[in-house]
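A.B. asks: Spelled out, the chains give:
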Amino acid sequence: MTGQETATATSALAEPSAAVPCFYRVASRQEDTGDTVTLELTEPDGPVPAFAPVPAFAPGQFAMLTAFGVGEVPISVSGLGDSGGGRARRLQHTLRAVGAVTRALCAVQPGGLIGVRGPFGVGWDVASAAGRDLVIVAGGIGLAPLRPVVLAALADRSRYRRIVLLVGARTPADLLYGGEFDRWRRDGVEVAVTVDQADSGWNGEVGLVTALIKPAGLAPGDSVAFICGPDIMMRVTADALAALGIPPSQIRVSLERNMRCGAAWCGHCQLGPLLVCRDGPVVGYDRAAALMRVREL
Amino acid sequence: MTDTVAARLAAHSFFAALTDDQRAALAEDGAAVTFTPGQRLFDEGGIADCFWLIEDGGIALDLRVPGRGDQIIETLGAGTVLGWSWLHPPYRWHFGAVARVATNAIEFEAPSVRRRCDADPAFGYAALRLFTPIITERLQATRLRLLDLYATAAQVRQREVQQADT
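Chains as they are written, first to last, in this note's numbering: chain A, 1 to 297; chain B, 1001 to 1166.
Same shape as in the complex, but just chain A (with noise of 0.2 Å):
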């Protein structure tokens, strides 16, 4: 099919609709962990009900990811995917198998069909870092919201000073994305990476992430930073930079809660004042600092 006519086959499809799943198909599955596997997904080319394809994702925005017949779960994207007319045409999605839901979709074989919602919520904002130092903290499965952020930045080397990526794992096993750290150390990324528990072959610097941080020799007044991990990570993290003298207003965080519609109408993802599918998930944490020690919330 050509350009012309995917536009043309396009433009006769329905609009997705931010409360029905769109058809995509797997168009690759690769496992990154024993537990992680990133999908490929576009855009089905096959007799599946027809509708346009979702609108294009900007890195830290989620999709609601459907396993027919099992459920639905909030993804980040994970990669850039590709936005050809402004639409997802390609997209990635790194899923970690904790649930039914988890476990159906990273079963999920090339060939087969899920179905996605979005994009819904805030992104990082990665265009704010331009001309400053940008710092990116990922804990776990955290590095995966945070890789679309690594991806543009390296799109555009030229707009940002240093780009420092802080990793931190529980063990060597549990790393993502291991294989692409040494390309972009060559494309001007200073990556560090820390484990909570070495194995025999581990040559890496154990310890907890926060602990990278004053190696790195940041640049406080002129950095914008992007955190995303567990919650309590994030928080002692955050506290970290801001302690260095990162204002919390430059440091961002990617809160997790429990999102349902995606679209701000159930209110299940409900934080104090925000709506984290419509609010957050990113949010500066000058406003989350204090959400995220309410024990209610």
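Just so you know, the hints here were simulated from the structure itself, not pulled from any lab data. Small disclaimer: the values here were computed from a predicted structure and weren't measured. All residues carry an ideal CB built from backbone N, CA and C; glycine is no exception. There could be a bad hint or two in this list.
[Stated by the list, open to error] Beyond 10 Å from chain B on every Cβ pair, some chain A residues (computed): (1) R96; (2) L113; (3) G139; (4) L154.
[What the hints assert, rightly or not] Beta-carbon label-pair distances, calculated as ranges: (5) B:I1047 <-> A:D156: 53 to 61 Å; (6) B:W1084 <-> A:S28: 48 to 56 Å; (7) A:S83 <-> B:D1043: 35 to 43 Å; (8) A:G267 <-> B:H1094: 46 to 54 Å; (9) B:A1011 <-> A:D156: 50 to 58 Å; (10) A:P215 <-> B:V1065: 25 to 33 Å; (11) A:R157 <-> B:A1011: 28 to 36 Å; (12) B:D1120 <-> A:R186: 46 to 54 Å; (13) B:N1104 <-> A:S83: 19 to 27 Å; (14) B:D1070 <-> A:P215: 43 to 51 Å; (15) A:G111 <-> B:H1012: 27 to 35 Å.
[To be verified] One side only, chain B facing chain A, incomplete, derived with CB under 8 Å: (16) L1087; (17) L1128; (18) A1153.
Position chain B relative to chain A; hints supplied.
C.D. replies: Just chain B, lined up with the frame of chain A:
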């Protein structure tokens, strides 16, 4: 050598809270050292008679676990201080330490530093104030690692089963 050490200490933020006189006194107990990759600095249970400011390179703290060999529990890099067992009796190392790469450091003679602390309470208080934040930071980091934050529920259950088996 002492002048060189004093200059190095003055350049390092860790010692910024000391007065010039206190830094000069501490420098008298310090000397520049180099460790080659794999060189062991101390073993668990050994006498803690030194501490180090790591200037570049990296050190691994380890612990020998029967059946599993030396397990690295934490790594320390440039700009950090290694060793606080010299501060309190019984002055024995709780872990081992080995250089992972070529490492330059300033090594301090702990008994002499302790004598200075005893003889000059102001110096001793200043020294304690230097080390307390390190101890606190590492305690907090250890507590957080105990939470096994990156583990899935399944991994936590698996760990609990393993612990129950042992």
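A.B. asks: Against this structure, judge whether each hint is valid.
C.D. replies: Hints, one by one, checked against the model:
{"no.": "1", "hint": "R96", "in the structure": "7 Å, violated"}
{"no.": "2", "hint": "L113", "in the structure": "26 Å, holds"}
{"no.": "3", "hint": "G139", "in the structure": "6 Å, violated"}
{"no.": "4", "hint": "L154", "in the structure": "25 Å, holds"}
{"no.": "5", "hint": "B:I1047 <-> A:D156: 53 to 61 Å", "in the structure": "56 Å, holds"}
{"no.": "6", "hint": "B:W1084 <-> A:S28: 48 to 56 Å", "in the structure": "51 Å, holds"}
{"no.": "7", "hint": "A:S83 <-> B:D1043: 35 to 43 Å", "in the structure": "57 Å, violated"}
{"no.": "8", "hint": "A:G267 <-> B:H1094: 46 to 54 Å", "in the structure": "51 Å, holds"}
{"no.": "9", "hint": "B:A1011 <-> A:D156: 50 to 58 Å", "in the structure": "37 Å, violated"}
{"no.": "10", "hint": "A:P215 <-> B:V1065: 25 to 33 Å", "in the structure": "27 Å, holds"}
{"no.": "11", "hint": "A:R157 <-> B:A1011: 28 to 36 Å", "in the structure": "32 Å, holds"}
{"no.": "12", "hint": "B:D1120 <-> A:R186: 46 to 54 Å", "in the structure": "52 Å, holds"}
{"no.": "13", "hint": "B:N1104 <-> A:S83: 19 to 27 Å", "in the structure": "49 Å, violated"}
{"no.": "14", "hint": "B:D1070 <-> A:P215: 43 to 51 Å", "in the structure": "23 Å, violated"}
{"no.": "15", "hint": "A:G111 <-> B:H1012: 27 to 35 Å", "in the structure": "59 Å, violated"}
{"no.": "16", "hint": "L1087", "in the structure": "21 Å, violated"}
{"no.": "17", "hint": "L1128", "in the structure": "21 Å, violated"}
{"no.": "18", "hint": "A1153", "in the structure": "7 Å, holds"}
Comparing the model with each numbered hint stated earlier shows that hints 1, 3, 7, 9, 13, 14, 15, 16 and 17 do not hold.
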